[in-house]
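Start from the sequences, fold in the hints, and give me the full structure.
Protein chains: 2
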Amino acid sequence: MATATVFPSLLPLLFLARVCGLSVAFLVLFWALTFKSSFLNTSNSLPQQDLIYAVLHPVLMVIGFILLSGEAILVHRWLPGSRGLKKSVHLCLQGVALASGIFGIWTKFQVNDGIVANFYSLHSWMGLICVSLFGAQWLIGFLNFWHRGEIRTVRIKILPWHVFLGLYTYALAVATAETGLLEKLTFLQTQRNVSKHSTESMVVNSLGLGLALLSGFVILAAVSPKYQILQSKLLYSDSRCLAS
Amino acid sequence: MATATVFPSLLPLLFLARVCGLSVAFLVLFWALTFKSSFLNTSNSLPQQDLIYAVLHPVLMVIGFILLSGEAILVHRWLPGSRGLKKSVHLCLQGVALASGIFGIWTKFQVNDGIVANFYSLHSWMGLICVSLFGAQWLIGFLNFWHRGEIRTVRIKILPWHVFLGLYTYALAVATAETGLLEKLTFLQTQRNVSKHSTESMVVNSLGLGLALLSGFVILAAVSPKYQILQSKLLYSDSRCLAS
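Those protein sequence lines, which keep their order, are chains P and F. When we follow our numbering, the leftmost residue of the first sequence carries the number 4, and every step to the right adds one. When we follow our numbering, the leftmost residue of the second sequence carries the number 4, and every step to the right adds one.
What the hints contain is simulated information worked out from the structure, not anything from laboratory work. Just so you know, even glycine gets a beta-carbon here, dropped at the ideal spot from N, CA and C. Misleading hints may appear alongside valid ones.
Claimed, not checked - If the Cβ cut is set under 10 angstroms, some of the chain F residues that face chain P in the computed set are:
no.: 1; residue: Glu74
no.: 2; residue: Tyr123
no.: 3; residue: Ile132
no.: 4; residue: Phe167
no.: 5; residue: Leu168
no.: 6; residue: Leu175
no.: 7; residue: Thr193
no.: 8; residue: Gln194
no.: 9; residue: Lys199
no.: 10; residue: Thr202
no.: 11; residue: Leu210
no.: 12; residue: Gly211
no.: 13; residue: Leu223
Said to hold, decoys possible - With a straight-line cut-off of 25 angstroms between C-alpha atoms, the simulated DSS-like cross-links for lysine-lysine are:
no.: 14; chain 1: P; residue 1: Lys160; chain 2: P; residue 2: Lys39
no.: 15; chain 1: F; residue 1: Lys89; chain 2: F; residue 2: Lys160
no.: 16; chain 1: P; residue 1: Lys199; chain 2: F; residue 2: Lys111
no.: 17; chain 1: F; residue 1: Lys199; chain 2: F; residue 2: Lys39
no.: 18; chain 1: F; residue 1: Lys160; chain 2: F; residue 2: Lys90
no.: 19; chain 1: F; residue 1: Lys111; chain 2: F; residue 2: Lys39
no.: 20; chain 1: P; residue 1: Lys111; chain 2: F; residue 2: Lys199
no.: 21; chain 1: P; residue 1: Lys39; chain 2: P; residue 2: Lys111
no.: 22; chain 1: P; residue 1: Lys199; chain 2: F; residue 2: Lys199
What the hints assert, rightly or not - If you want a taste of the chain F side facing chain P, the calculated C-beta under 7 angstroms gives, among others:
no.: 23; residue: Asp53
no.: 24; residue: Ala178
no.: 25; residue: Leu184
Here's what the structure looks like:
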């Protein structure tokens, strides 16, 4: 049964994911660098330093955390070479993404009033859970698949959980970013009268849609090849029931 | 190879998804009925009618659209009986969910200033894309798997796309709801001085976390059984490479 055509081949998917990723990177940089005044905390006495921290937050979370971890997910699909090399690059990229995420959260503590005062919004709650899950995933991944501290049967049992939780954490990171974008924009619109149809609003909305689209391509590329391999077995048994 | 233990069996997953779903339903009703004044548009002349529309929006989108479509996804996993019965119940539940989603969006046009004026936020853009995708999925599902307008080979090719796009749309609906909750709360906090640590803020944040958790359980339950069946084949070929 010709099942290779069920999903698009990997190359166009990887290409689309990269085009989306580059657009998202451009949009977040354009937003952060062009609309700097939106990131200023007017009540603070150190606007210049605050501005750097405030601008760094979306840049680190979107480019450092989300885009880099998306690329780390895709490494198993595009990097030529041994499995060991793929695992090393995956681990390193996820490590840099995790560091960016932690640094990105840390920047918020510098602008506002300490750590506890920051954790009031759904965005902050989701972000904390997301980075904690990400850290746990990285540690378990390191201990099991790279450091190989566990026996083979345990590693085999952990692998599908690692894949599912990894993709879930990635999707949660994107959802958290969407809430962050909307929180910032709603604040600007109600507090500083930024127009609902201004260029800034359009840039932030496009950034949000770009992230949603990117996550779809990354997750599809991540699950697609295995799905293809197994497709013939699956479809043969399912087609008579589901599609009949 | 004993692979049935890799993922938890279906029953606990279904139970957890339902507990999460009930908690989410309780929280959205508690929010809508207890904090009614938050939903009032102070500048409007018809507060009573506006209040009904404003309260209906989150209730319809969360209970009618998200919870019902989650249950429709799970129907293939728990409903006893023939495949035809499962497909019919799936189609009907998704139809009711779609109607709730459209009605839920319609309520927003009654409170604010017309249709176009409402589509300024990332929440509204995501919501429109989500309901459009959902509608297209329902129509294609009806034409292919229920009405059987296409030949069998076409249906076989469409099935994995239908599953992937269905789960993606569901996740997008949850992400859209998260942005809606944050938009509402940020507006209340900046415009009406609702405290960041008030009961209302905690209820809405818990509702957001409940939705994120629910989506994880529903998607895991949806992909888990097939994954288990194929696990032995997958693990046998992958274990020597990935886990070695």
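Against the structure, the hints come out as follows:
1. Glu74: violated (19 angstroms)
2. Tyr123: holds (4 angstroms)
3. Ile132: holds (7 angstroms)
4. Phe167: holds (6 angstroms)
5. Leu168: Holds - the Cβ of leucine 168(F) comes within 10 angstroms of chain P, reaching about 9 angstroms at its closest.
6. Leu175: holds (6 angstroms)
7. Thr193: holds (5 angstroms)
8. Gln194: holds (5 angstroms)
9. Lys199: Cβ of lysine 199(F) sits 4 angstroms from chain P, so the hint holds.
10. Thr202: Since the shortest Cβ distance to chain P is 13 angstroms, the answer is violated.
11. Leu210: At 9 angstroms from the nearest chain P Cβ, leucine 210(F) passes the 10 angstroms test, so the hint holds.
12. Gly211: For glycine 211(F), the interface hint holds, since the closest Cβ of chain P sits about 4 angstroms away, which is under 10 angstroms.
13. Leu223: Since the shortest Cβ distance to chain P is 6 angstroms, the answer is holds.
14. Lys160(P) to Lys39(P): violated (48 angstroms)
15. Lys89(F) to Lys160(F): holds (20 angstroms)
16. Lys199(P) to Lys111(F): holds (16 angstroms)
17. Lys199(F) to Lys39(F): holds (18 angstroms)
18. Lys160(F) to Lys90(F): holds (18 angstroms)
19. Lys111(F) to Lys39(F): holds (16 angstroms)
20. Lys111(P) to Lys199(F): holds (16 angstroms)
21. Lys39(P) to Lys111(P): Holds: lysine 39(P) and lysine 111(P) sit about 16 angstroms apart, inside 25 angstroms.
22. Lys199(P) to Lys199(F): holds (24 angstroms)
23. Asp53: At 19 angstroms from the nearest chain P Cβ, aspartate 53(F) fails the 7 angstroms test, so the hint is violated.
24. Ala178: holds (4 angstroms)
25. Leu184: holds (6 angstroms)
Of the numbered hints stated above, those contradicted by the structure are hints 1, 10, 14 and 23, listed in ascending order.
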